[in-house]
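**Student:** Now that you have both chains on their own, put them together as the hints suggest.
Each protein sequence line maps, in turn, to chains A and B. Okay, so the first sequence: first residue is 129 according to this note's numbering, each after it adds one. Okay, so the second sequence: first residue is 1087 according to this note's numbering, each after it adds one.
Everything labelled a hint here was simulated from the structure, so no lab data went into it. Given the structure is predicted, the values throughout are model-derived calculations rather than measurements. You can take every hint at face value.
Straight line, CA to CA, 25 Å or less: simulated SDA-like cross-link-like pairs of lysine to any residue:
1. Lys1460/B - Ala212/A
2. Lys1322/B - Arg314/A
3. Lys426/A - Cys357/A
4. Lys1460/B - Arg1318/B
5. Lys426/A - Asp1162/B
These stretches of chain A come out as covered by chain B in the derived footprint (C-beta under 8 Å, 3 or more residues):
6. 281-290
7. 297-307
8. 382-391
Each residue gets a CB set at the ideal place from its N, CA and C atoms; glycine is no exception.
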Amino acid sequence: MRIGLLTEGGYPYVSGEPGLWCDRLVRGLEQHKFDVYALTRSERQEAEGWVPLPPQVDRVRIASLWDAEDDGVVYGRRTRRRFAECYGELAASLCATAPLKAFGVAETAAPRAEATGTHDHFAHEADRFANALYGLAELARHEGGLHRALRSETAVRALERACRAPGAHRAAREARVPDLLTVAARLERALRPLSLDWYEDDGLGAVDLCHAASGGTAALPGLLARHFCEVPLLVTEYGVRLRAHYLTEPDASPPVRFLLAAFHGRLAAETYRSAALITPGNTHARRWQERCGAERAKLRTVHPGMDAAPFAEAGESPECADPHTLVWVGRVEPAKDLVSLLHAFAEIRRAEPKARLRIVGGPSGSEGAAYLAHCRNLAAQLFPDEADGPHAVGSNPVSFEETGGPELPSRAEAYASGALVVLSSVVEGFPAGLVEAMFCGRATVSTDVGAVVEAIGGTGLVVPPRNPRALAEACVALLRDPERRARLGAAARARALELFTVEQNITAFHNIYLDILSRTPARRVVLDDTGEPLPFSVPAEAHVPGRWTDAKVRAVARGGPAWATDTPVRATVRSSETDGSPGSGGPGGSGASESATGGGRAAVPASVVEVAGAAVPASVVEGALTVVPVSAVEGAGAASGSVAEESRATASVSATEGIR
Amino acid sequence: MSGLGELGPDRGPVRTEEVGTQVPSAARRVAADPVKALMHRHRDLCERAVDPLEIVAGLEAHGITDRTAARFRHRDVFSLAEEMYARVPRDADTPPRPTGRPTPRVQTAWVVLAVLPGALCAAAVAALRLTDGRPRLVAATAGTLAVALALRALLRRGPLSATARTSATWTCWLVGYALLGDGLLRAALTGGPDDLPDGTADGPWPVTVAPVLALALACAPAAASAHFFAVRARRKLAASRGLADFSAAVRPLLTGTFVLFIGAVTALVALTGAVLREPAAYPQALTLGALLLLARMLTVHGHTHAPALVITAAATAEAAAVATLFAARLPGCDFLALPVEALVAAWGPAGVPTAACGTGALVLLVHATRRLTKASAHAEPEHPR
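Okay, chain B solo, but in the shape it has when bound (with noise of 0.2 Å):
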């Protein structure tokens, strides 16, 4: 308790007999109003204040003590914080908005990242059709390996960059599907496979080259669809006022966003197909696309878990496809080919990636429109440290 005695209003310290001296400038400074003289001079700090506690805050940060206070009939800082903001005029109509965030400019880095794993799968084609042999076993191993590391780099910047981890092994396995699945699905559905495949879309195994180069390049798109997304969603918060405003404006952007990307992706693989002189697969394809699209713009707004789940999902489903069909070589089991065999009957082949694939992208689409759709999933990232 020490303190305590000292802490009443002031015990009288020595103060300077300057009364004399005083008198005539204030006499000569203080106007009929000084509460408005000094609002003027801090009327920067009044109009902005949202509530008399900031007024103190400013006030006492410009030097402005009790003692000052009691220049201007009041008791403290508080009290005279109180009369001016009380005393503010405030105009009817709200101020003017602060324009929304700027932009984010498109980066040379990502656009060159975006491209960079199309440029090398069509390398890596080039080099399969080019060559034979050991050197083709090279060529694939390398290829392969660099169109990772390009997907990998695009993935750490620019608009498909997520701060989330993602499992990227279902999505490889269903990208590997895309590529061999087919074959080894009517192989298996003639007794096959006979033999590993040799990259040829001809041999026991045939390798269906023209979706796979199709998604690859299908990056770019992909990355300037969520980054159209991204920068327009903002434009649209800014400019909402409400989150209702806002959601009704941002699910035809996205519908927008994700019909231009599937118009994408189909004129690829119109053009790989006739570039390749394959067939173009345009159900795998489309379907497959769409699905990574989609699971990768919820991730990057912050959804994890239902991408992760779906994506699952349709991997496991076309594995269990091909598992089906070996499983039913076993002694009394051919029941279990049934489903894939009605299915491939129907569809062909491509039937079963595309049931998988397309489902898990519809319940992906619905998700999205409805997690999207809302202001939170556009949220600014925090940059802490």
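Isolated chain A, as found in the complex (with noise of 0.2 Å):
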């Protein structure tokens, strides 16, 4: 199967947020093809140059958003006729009273009388936003020079004939001049995308999926091939595009900063309406996601992955730890609240005067520095040095330390010194802090902000946010109750390594590339040198996961119980069984499916190769589409298999260990 990868700001270079994920995603997933599709955002960042890339990655294609050239095109009339009024429906749907009410119409305003109507009016003015892109596109893929016209007086005109049109939201119809020239301007970046030579056959036409790293600016590729080459769009969104928007636009006038909320979130709603699945990152991301229009059917939460290794050591020796010393790792800022941390602390030692807290982590900016010395200030007024005896040197309860030195290498070794992780965030987004507490088996105690209760479900203790007390007693019943303490961090430990692991991560992408694949196959037409269309072209084998070319690979993805395919293959392949023993039948992972697959499955795809290159007899592809459905509907289970009869005791080692 081949993947476009649609990234904004990230993945192919060493910068940008989404990177690590995408790489950890390509490198997981090396039976597909990707195509990465690149948007740059600066030129520091492209000087940064690229991670290795993994040779699954085909191409990679990249269009800088920062540096639009002038293709020198000038619209003649009617071309320019054309674009003003594609422009010109596109800033009326921006200017509508009230855009953003639409998203929540499909939850909450089904019963009353005149929600029908509206819901019409707002279905339409999505429309008209989408019409509108699209014509643009078109206009831009067929004629060009959309970069100087949406630049041009002919868009300033529109923008403000749309702005002072009866209807316009209040916010709009303040718009003035300079107000209207950066709303084109950033229309113009943002529409970028737009003018690119990516959406022809040997572009995003020819990839299976695109699957876009993130929304906004990054899916409107995936949304233009959608539109021109049908290809399904699987959209990914860690954080929301849109709430980014709102956050880091504070300083334009009112009508840009409306203008542009509404061209995100018009965007954002075509967005989930065109998207095959989109895969929130967390339930808040999902919210946002509803909110903003997507379906609930299309939303699958495919939680972050992490990389557990690191703290294997620590959550399997979970007897290592102080059961009298409570962590808290973490870069200091002001939003993480350790005041109310060292209130809490100071109610704890009453209860259990042997407590000690190790604060680790440096702070973030100078903000966060100052909030460190405010810290250390109040934990020295707080808490006065102890000593075991007359003549020992004291130290105080509260230690202040950061990772990297010869006492705590790691942050693995920062919670495995501690019997007690805390958390005591007054916001927080995705906590990683806690999901590698989790994966060390530790014990949690967090406040009850951000996907904190998501990511610990009821594997640790949740006291609200700003409420030392609460904070304390939830310490202290801990700290007392050891068998607790462990019975909580195994629970906690279970449950990250089952939903937060990059195994799960890549596994959870896969079954959903092979989801969207089974219900939305891309149907292509390849022609000849005479114009006719060539039969068998793409057989029905181009959608079997895995290299079907290759001779080596396996026919059934990582995946997929052995003896769901055992029948096919040996009705199809006798011959080569009687040859293709391996020798390596012992519980080898998944080193030892890939020598059984490659002796004993190797003439399956090999001959599928050799019909459909040919393109004669049916009946051979036929036989080879007796493999397809079984792979591509019960290959999307857990486990990786996909090996021959007697290695069949391998394939439960397989599924639970061969994951990767």
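**Tutor:** Laid out in structure tokens, this is it:
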């Protein structure tokens, strides 16, 4: 399967936030081909270079969002009129009254009398936006010159007309000439993906699935690929772009903010409407997406995967923890509310005088440094230094440390040193530190912010934020009950290993790819030199996961229990089975199953290739087809298998361990 | 689908039992209208929000979750934010507009640069006048080079700088024609030229230095008027409410700027003519100056196509005029010289550049009054990276 991975300001480059995740995804799904289509945000980013790319990345196409080159096309009268129409529609759909109300409609407004009318109205507005967007895209595709046109007087005038139209939103009506110019320039920037030459048959038209690594601008090429080439789109959002837009645009004037927010809101709605599936990274993102019009049936939460390996040692040895030590790990900043933690610790000390608190982490930024100094002062005031005896040197029960030194080489050691991990934030996104503590098998007490409850499930204590007493009570309860601590820690580790590992992330995406492809296979007609459709040019096997042109590859993807494929395999290649008895029948994990595949199943894909290349008898293709549904449907299981008969014992092993 | 099971409403995370402790403080805190207190705490956010989702984003950044929203008797933060957005008092009068962008300061760097071509050109002309023979050749070459470099520097920064690339060749040709063209034309009509130009006004191929010096000196007023126009237009941009208002306000500004510049060039031509004791070549210098200024201003504001076209056309016309005179010397081609001869007979040798540059300047003036009065011409250039 060929995946078009769409990124913005991220993946193939070293910097950028979705980089690590995309890298793990691409490396994890080595049985697929990846074409990376990257939009870059700055010259600095481009100068930083790429991460090393694995061989399954076939090609990388880069377009810069910061440096649009003018192709010199000046529109004639008719084209200009067409552009003005499309742009005017776009602007009008942005200026319409209360556009964001529409997003709540799907769930809330049903019982009202006027609800259906409102709904129609908003559906109409959404259609208007989509039509205008695709109209502009078609214009850019056929005529070019969109960059210049979007900054031209025609565009500004269309914007003005839309803002002054009756029924325009109050904020839009106040727009003045500088606001209009700013909005036009920003829209031009946001619409630059429209002018790219990616939407041809040798570009995004050739992929089976577009996977946008974030919403917003990165999903725009996916939208157009779906529009022009019928390629299904998968959108993954770990942070909702629309929300980020609201938070990063504080200074602009109200009309600019309104129009840009309307644009991003409508773009998000259109993205969610067109996407085959949407994978939010957590419930918070999911709620925003539902709010912006995503259908619930399309949403599949895929938790971010984190590398569990560094924490395995700490997780397997819960006994090495000091039973009186509480640990806080993170970047020190005001949002972490360490003051509250220190006050809570004062109460804990009253109940448990032997308790100690380790605060591990450096400050983030100058604000964080000031906050850290403040916390140190507070700790020194609250807790006097203590010594074991009259002749020993004392120390403070609260210690501020940083990882990287000889005592604490890494965060895993920090978590391992404590019996209890505490999180006291008042603001939090997805709590990566908490998940690390879960990997370490430590009981946790955390505040109820962000995605904490979602991450912790029932495997730790959750208290309200800014409530030192509740925090203290929870901590004391756990400090006094080592058995409960152990129970919660083990449950937390099990939960984290089930939900937050890289492997589950990759498996989930693998299954989602198969899911999308089974429902919306890209139908492509390949023409030969004379313009006639070429029969069998895209055989059914093209959709089989795995590199079906490669003779050494598994015909069934990771996953797929061995018995599921046994019968068709024997039916088609009985001859090769005799010499295909692999020597490595023992429980060797994925390596063993790989070699078993190489020996026992080599003939299947090879014969299919020959047949498909020659495009002769339909029967063999039919025969191969019996394999296809099995792999596509049953292959969506969780294990890695595809093993010949006698290594069925291996299958159970690889089901548990050999996920990678 | 692995994560889906956990996603429903909280599956009951183990919460601590502090119900008893919360009740009194909650009773103390929760007044009759809890949302009002919340709105007061986040009043900046509420007042500047353009839609409810902006309030949601702001509230979430302050740590308010669905659990917090439940205390305000709302299902989630979204409905809480909707109430807050709906309850924000909105006055009928528009909020005070922020004052426009600060006007760019006049930097001494480009003021110096704007004067530099004129100064260098004056020095070169003085050197031409004071030297003879080989030193004069050296002075002419060095002077030309220095003026060209100074011009290049001027066009790189300050109000005359443009991001787009422009073709300097045809502009150089126009200036070169102003320097040598009239003399060449006159000599060609009388069967010359018999010799290469020697840098004097009375040689076999006379050189007219005065208009060129005037144009070099006019770089300063050109930069000043471009700066003036840009600054005033930006101020008008911030002040005007609609695009039509803006166009109406900028049109007289453009005309005024143009007239000011023409006045300055006229004065400079008169001055150089008097100092150099050459006949003041008003028509050629004025039309050429107008053409170059308009072309540059259009280029600065992003319209590169028309200026390049018009300058090329004017230069080609001048070149063609000279070429026809020489081509007419071929046997049987007498008729080629007729139009130019007629023109020269009516207007003198100055007629050729005046007609070419004047037509071009007129076209560009019309174009500029249409393009430079549009708001899109005054958009801030983006500074990415």
